[in-house]
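Enquirer: Use the sequences and the hints to build the structure in full.
Chains A and B, in that order, give the protein sequences.
If you're matching positions, the first sequence starts at 1 in the working numbering and goes up one per residue.
If you're matching positions, the second sequence starts at 1 in the working numbering and goes up one per residue.
These are calculated hints, taken from the structure and not from any lab test.
Be a bit skeptical, because a hint or two may be false.
Just so you know, same-sequence chains aren't split out, so a pair can sit in one copy or run between any two.
[Claimed, not checked] List of simulated lysine-lysine pairs, DSS-like, C-alpha gap at most 27 Å:
#: 1; residue 1: 325; residue 2: 356
#: 2; residue 1: 172; residue 2: 257
#: 3; residue 1: 257; residue 2: 130
#: 4; residue 1: 152; residue 2: 130
#: 5; residue 1: 264; residue 2: 335
#: 6; residue 1: 211; residue 2: 257
If you want the building blocks of each chain, they are given just below.
Number of protein chains: 2
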Amino acid sequence: MSRLSLFATSLLITPLLLAQVPAAPAGRGGRGNAPPAINSCEVAPDRTVTFRLRAPEATDVKVSGDFVQGALDMKKADDGVWSVTSAPLSPAIYSYTFRVNGVSVLDPVNPAIKLGERTSESMFEVAGEKPATYDMQNVAHGTVHVNWYDSKTLSVWRRMDVYTPPGYESGKGTYPVLYLLHGSGDTENGWVTIGRANFILDNLIAAGKAKPMIVVMPYGRARQDVYLGPAPPPAQPPDPKAFENDLLKDVMPFAEKFYRISAKPADRAIAGLSMGGGQALSVGLNHLDVFQTVGAFSAGAGGRPEGLETQYKDLLADPAATNKKLKLFYIACGKTDGLFAGSQALHDTLAKHDIKHTFAPSEEGHVWRNWRNYLADFVPRIFR
Amino acid sequence: MSRLSLFATSLLITPLLLAQVPAAPAGRGGRGNAPPAINSCEVAPDRTVTFRLRAPEATDVKVSGDFVQGALDMKKADDGVWSVTSAPLSPAIYSYTFRVNGVSVLDPVNPAIKLGERTSESMFEVAGEKPATYDMQNVAHGTVHVNWYDSKTLSVWRRMDVYTPPGYESGKGTYPVLYLLHGSGDTENGWVTIGRANFILDNLIAAGKAKPMIVVMPYGRARQDVYLGPAPPPAQPPDPKAFENDLLKDVMPFAEKFYRISAKPADRAIAGLSMGGGQALSVGLNHLDVFQTVGAFSAGAGGRPEGLETQYKDLLADPAATNKKLKLFYIACGKTDGLFAGSQALHDTLAKHDIKHTFAPSEEGHVWRNWRNYLADFVPRIFR
Numbered sequence: 001m002s003r004l005s006l007f008a009t010s011l012l013i014t015p016l017l018l019a020q021v022p023a024a025p026a027g028r029g030g031r032g033n034a035p036p037a038i039n040s041c042e043v044a045p046d047r048t049v050t051f052r053l054r055a056p057e058a059t060d061v062k063v064s065g066d067f068v069q070g071a072l073d074m075k076k077a078d079d080g081v082w083s084v085t086s087a088p089l090s091p092a093i094y095s096y097t098f099r100v101n102g103v104s105v106l107d108p109v110n111p112a113i114k115l116g117e118r119t120s121e122s123m124f125e126v127a128g129e130k131p132a133t134y135d136m137q138n139v140a141h142g143t144v145h146v147n148w149y150d151s152k153t154l155s156v157w158r159r160m161d162v163y164t165p166p167g168y169e170s171g172k173g174t175y176p177v178l179y180l181l182h183g184s185g186d187t188e189n190g191w192v193t194i195g196r197a198n199f200i201l202d203n204l205i206a207a208g209k210a211k212p213m214i215v216v217m218p219y220g221r222a223r224q225d226v227y228l229g230p231a232p233p234p235a236q237p238p239d240p241k242a243f244e245n246d247l248l249k250d251v252m253p254f255a256e257k258f259y260r261i262s263a264k265p266a267d268r269a270i271a272g273l274s275m276g277g278g279q280a281l282s283v284g285l286n287h288l289d290v291f292q293t294v295g296a297f298s299a300g301a302g303g304r305p306e307g308l309e310t311q312y313k314d315l316l317a318d319p320a321a322t323n324k325k326l327k328l329f330y331i332a333c334g335k336t337d338g339l340f341a342g343s344q345a346l347h348d349t350l351a352k353h354d355i356k357h358t359f360a361p362s363e364e365g366h367v368w369r370n371w372r373n374y375l376a377d378f379v380p381r382i383f384r
Numbered sequence: 001m002s003r004l005s006l007f008a009t010s011l012l013i014t015p016l017l018l019a020q021v022p023a024a025p026a027g028r029g030g031r032g033n034a035p036p037a038i039n040s041c042e043v044a045p046d047r048t049v050t051f052r053l054r055a056p057e058a059t060d061v062k063v064s065g066d067f068v069q070g071a072l073d074m075k076k077a078d079d080g081v082w083s084v085t086s087a088p089l090s091p092a093i094y095s096y097t098f099r100v101n102g103v104s105v106l107d108p109v110n111p112a113i114k115l116g117e118r119t120s121e122s123m124f125e126v127a128g129e130k131p132a133t134y135d136m137q138n139v140a141h142g143t144v145h146v147n148w149y150d151s152k153t154l155s156v157w158r159r160m161d162v163y164t165p166p167g168y169e170s171g172k173g174t175y176p177v178l179y180l181l182h183g184s185g186d187t188e189n190g191w192v193t194i195g196r197a198n199f200i201l202d203n204l205i206a207a208g209k210a211k212p213m214i215v216v217m218p219y220g221r222a223r224q225d226v227y228l229g230p231a232p233p234p235a236q237p238p239d240p241k242a243f244e245n246d247l248l249k250d251v252m253p254f255a256e257k258f259y260r261i262s263a264k265p266a267d268r269a270i271a272g273l274s275m276g277g278g279q280a281l282s283v284g285l286n287h288l289d290v291f292q293t294v295g296a297f298s299a300g301a302g303g304r305p306e307g308l309e310t311q312y313k314d315l316l317a318d319p320a321a322t323n324k325k326l327k328l329f330y331i332a333c334g335k336t337d338g339l340f341a342g343s344q345a346l347h348d349t350l351a352k353h354d355i356k357h358t359f360a361p362s363e364e365g366h367v368w369r370n371w372r373n374y375l376a377d378f379v380p381r382i383f384r
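Expert: Now the structure itself:
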């Protein structure tokens, strides 16, 4: 008791101050005072960004990401903080990692993290003069629901994120639904954390530019959710049929049971980026009885026009029938994207056969900046 | 056109293979082949854990976390991969960071991340022979809702995570509600990502050990959500009244409007860990007309018994009245926690004044292992 009493007597600070004592930070073992906090990623009014990393014992520190070709060398100051300032950047959300003696790592003190399937990245935003479509604005916000479901087709537990629009909780009717698929390296959460799909929908709905809709974001790999532990690296390309089965036989029935979703094909869209764009084409175009709207963002859309003629034979054979079923077919890709030729070839083939579609080539390449814009361009067109 | 055609002609792989081409990883600039993937955190059957980090150019690599005192030195092999194996660990969820030439960083290839307010950590689980209360089990799962709300009292946008139990979506009645507060360094998402509150509730509800309930998890700091950008480090301790105002005047009205929550004080509980435990005591005990159940996990619960007599004067003055209002008052703390003396003193003071309460001292200290267990011990007792 004496030891306890002595200890108790020494606690003269208030309960709430006491309560702020954090667990010892893992990296410092709870010993010594922390050095002054740094602003690790500071966006200046001129839209340059200064990156800083405290690394007194490192001998080589760089920063790289989708704001720069290659990497920027950082320089160490006397206080052990490495820094470098970027060129002025266009307003956008960017991702980055530091490279400490050759090891690519997240910014240790930036809580804005794009969680990846295996590797993650830190994020920052360069704001424009006006709020962007993807910015949190002073409008009514929908809800993102994190659902665990037992995939019978895959025999694993998986997550899907579901966006419901403002007013859903207090409403009664059904909504059209967009199945929105992520790219390679991301997870079911990618369209929310880095893609801002929820804010994009909030803003477009508030402006009267998009119909209130539900957005279902499943995991695009045919295996258990990454949250359940580090997944082994894929030994081979995923089986596209396995994902399709999960989507059609597990994800859709779950979503339609739990949410007030219209079951009319005209009220169902499927879209995705990169790998997810390929999945949207593959699943969507082969199931026009299920989905009447298809969106392919920077997708692996095909190669030689001759290949496309074979691949989409049924679709191209009867343009009138296809055009009747396919309410909207939207294809977007950046002109400097390595996948652009495929999108262009798909557009050419569809045009040749008079299949109605929208082809929206954009600047830049295979980057998130494009995908947010594509979603914001696509969503106002659907369910009309 | 010729350049385009040449490029297109070279694309002889199928669309879905094409679609798998990821964006160039930020750290490698898209050049060269990636080295073979490593298992960065491998749990062996004997419950030792081998950590690995590819860092051929680093000269000093360690791993630390809540599984070890201090840090473990790692050794470099000829392939540039550093590794070390821990002692056998008890079944639990642990967090860790690597230290590369003095810089504490997340495991670059482990997607299981405990997102922090400023610094984050990687996670791994050592499984036991049977699934733990916090493990994903083959039971019905509730939903975690991510809600953005406009805090009028703080004039900022913030997030709250809300757990609804299985069956909520298809049901009609109201549910009791637990307001569950995180600790310093975590965010509103901490109780889900590292705390597994959703799985704990799922399992206890499935076993008939807990009443189906809604759990509301707000952000404990009186500022904008960290997702909206790196927050500057707190210049001073947060104003406890600002958080209380947000909770009572913004969080609760929002939650009660959006979710089918019982508005009876007997159906409301407030609990938290560490900083959140202090908040639960401060807000809960001062509003027994609002909350009739209070839980303090490893909280800054007070210091000297004399201070507590003053601090809780009103509560202690009329034990019969207090005991009538306070349906359950639960206090848990690890015996090696620096905050244990405060919890012990609070227990002693309450006992002296015949205030009904449950005091549940546990082994170990200020670690997440304890907080999951406390929640699993607390939840079956409430709303009875």
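Enquirer: Now tell me if each hint is right for this structure.
Expert: Evaluation of the provided hints:
{"no.": "1", "hint": "325 with 356", "in the structure": "within (11 Å within a copy, 68 Å between copies)"}
{"no.": "2", "hint": "172 with 257", "in the structure": "both (14 Å within a copy, 15 Å between copies)"}
{"no.": "3", "hint": "257 with 130", "in the structure": "neither (40 Å within a copy, 32 Å between copies)"}
{"no.": "4", "hint": "152 with 130", "in the structure": "between (46 Å within a copy, 23 Å between copies)"}
{"no.": "5", "hint": "264 with 335", "in the structure": "neither (35 Å within a copy, 60 Å between copies)"}
{"no.": "6", "hint": "211 with 257", "in the structure": "both (21 Å within a copy, 24 Å between copies)"}
The structure fails to meet hints 3, 5 from the earlier list, while all remaining hints are met.
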